[in-house]
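Residue-level listing of the chains:
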Amino acid sequence: MMDINDFIKNFAAQFDDTDASKFTSQTKFRAEIEEWDSLKTLSVIAMVDDVYNVVIKGDDIRNSNTIEDLFNIVMSRK
Amino acid sequence: MKVNPFSLANKTVFVTGASSGIGRAIAIECSKMGATIIITGRNAERLNNTFIQLEGINHSQIIADLRNEEQTKKLVNELPTLDGIVHCAGIITTLPFQFVTKEKLDEIFSINFIIPTLISQKLVEQNKVKKGASFVWISSIAGNLCTSPGNSMYAATKSAINGVVKGMALELASKGIRVNSVNPAVVETNIFSKGVIADEQIRNEIKKYPLKRFGKPEDIAYAVIYLLSDASAWVTGSHLLIDGGYTLL
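Protein chains in written order, with this note's numbering: chain A, 1 to 78; chain B, 1 to 249.
What the hints contain is simulated information worked out from the structure, not anything from laboratory work. Some clues are possibly wrong.
Label-pair restraints from in silico Cβ distances [stated by the list, open to error]:
1) N53(A) - G245(B): 23 to 31 Å
2) I91(B) - R30(A): 25 to 33 Å
3) L39(A) - D199(B): 17 to 25 Å
4) N63(A) - T81(B): 51 to 59 Å
5) L39(A) - G245(B): 42 to 50 Å
Pairs of lysine-lysine, DSBU-like flavour, derived with a Cα cap of 35 Å [unchecked claim]:
6) K102(B) - K9(A)
7) K22(A) - K216(B)
8) K166(B) - K102(B)
9) K175(B) - K216(B)
Pulled from the structure, derived: some chain B residues nowhere near chain A, Cβ distances all over 10 Å [said to hold, decoys possible]:
10) K32
11) M33
12) R46
13) E70
14) T94
15) L95
16) P96
17) Q98
18) D106
19) K128
20) K166
21) G176
22) K216
23) E218
By construction, the Cβ of each residue, glycine as well, lies at the ideal position given by its N, Cα and C atoms.
The task is simple: from the sequences and hints, build the whole structure.
Here it is, written out as structure tokens:
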């Protein structure tokens with residue numbers, strides 16, 4: 001069973017300059033995380049593939065506002 | 001009448017990766033310049049879609065998955081002697097560096113670099129490359145002049161291509177065989193028309209091009225025609241930049 005707290009941890013691990021405490025299920029990552037950019041998009045896609053064995057696309061990320069939204073998309077494809 | 005130096009009449013040209021994008025445009029445009037074309041690709045339907053768009057007669061298509069050693073061997077054996085070889089088959093794997101794996105590296109290096117290198121070697125070994133013939137490799141600005149996020153593996157394969165181009169050019173010069181690459185920036189292919197990338201992202205990206213657009217497959221095809229034709233008879237070991245000015249900024 002996927003755990004959202006693990007997911008947030010894995011998500012946060014993709015960032016270098018943003019403290020892990022900034023990431024919660026309700027974080028609007030595209031708008032609120034200054035470090036968010038195209039490479040981070042690729043990193044999150046690769047992390048999801050690597051850790052959860054689920055393929056997501058750029059659109060899935062664009063359609064997610066919060067980390068929980070993205071978590072739900074990944075869950076739905078497990 | 002003066003002969004057009006850019007003509008490909010009486011030349012037999014082999015194009016890999018001809019079932020889509022840049023490879024398809026190269027095959028079609030070369031046929032319009034009078035070449036006899038041999039195309040190869042994996043997907044029969046898409047390859048045939050290119051084939052029916054070729055102008056003139058005597059063209060042929062060979063379905064082959066170049067990743068399969070037996071199929072590649074058979075393909076090389078079936079090929080006639082050639083005046084031009086265009087290595088266009090390739091893949092892009094976009095992956096941040098810290099997610100790079102041996103499997104992914106093996107795959108992209110195999111398709112983009114090792115297989116076309118070995119096909120070239122076999123063709124030369126079997127004396128299927130005529131004196132005066134021309135190899136053209138589709139390389140990239142990535143790995144040679146710049147790169148972009150997530151493209152370290154792809155860039156490395158394209159850098160390898162430009163390296164082997166120089167080695168081949170030097171060693172095959174004594175046979176009168178020329179070897180060059182073309183190095184495009186982003187060329188519009190299917191990925192843009194399918195809405196995979198958001199419009200706003202595309203508009204922002206286009207701002208990085210002084211000539212205000214991405215490349216078209218034909219932009220690349222015309223450069224390949226030049227490098228295949230006798231107009232470039234004194235050109236070998238070169239890397240032709242085609243980027244709409246992208247690397248000027």
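Taking the hints in turn, this is what the structure says about them:
| no. | hint | verdict |
| --- | --- | --- |
| 1 | N53(A) - G245(B): 23 to 31 Å | violated (42 Å) |
| 2 | I91(B) - R30(A): 25 to 33 Å | holds (29 Å) |
| 3 | L39(A) - D199(B): 17 to 25 Å | holds (21 Å) |
| 4 | N63(A) - T81(B): 51 to 59 Å | holds (54 Å) |
| 5 | L39(A) - G245(B): 42 to 50 Å | violated (24 Å) |
| 6 | K102(B) - K9(A) | holds (26 Å) |
| 7 | K22(A) - K216(B) | violated (43 Å) |
| 8 | K166(B) - K102(B) | holds (27 Å) |
| 9 | K175(B) - K216(B) | holds (34 Å) |
| 10 | K32 | holds (36 Å) |
| 11 | M33 | holds (38 Å) |
| 12 | R46 | holds (22 Å) |
| 13 | E70 | holds (30 Å) |
| 14 | T94 | violated (6 Å) |
| 15 | L95 | violated (6 Å) |
| 16 | P96 | violated (5 Å) |
| 17 | Q98 | violated (8 Å) |
| 18 | D106 | holds (17 Å) |
| 19 | K128 | holds (41 Å) |
| 20 | K166 | holds (31 Å) |
| 21 | G176 | holds (45 Å) |
| 22 | K216 | holds (23 Å) |
| 23 | E218 | holds (28 Å) |
Hints 1, 5, 7, 14, 15, 16 and 17 from the earlier list are contradicted by this structure; the remaining hints agree with it.
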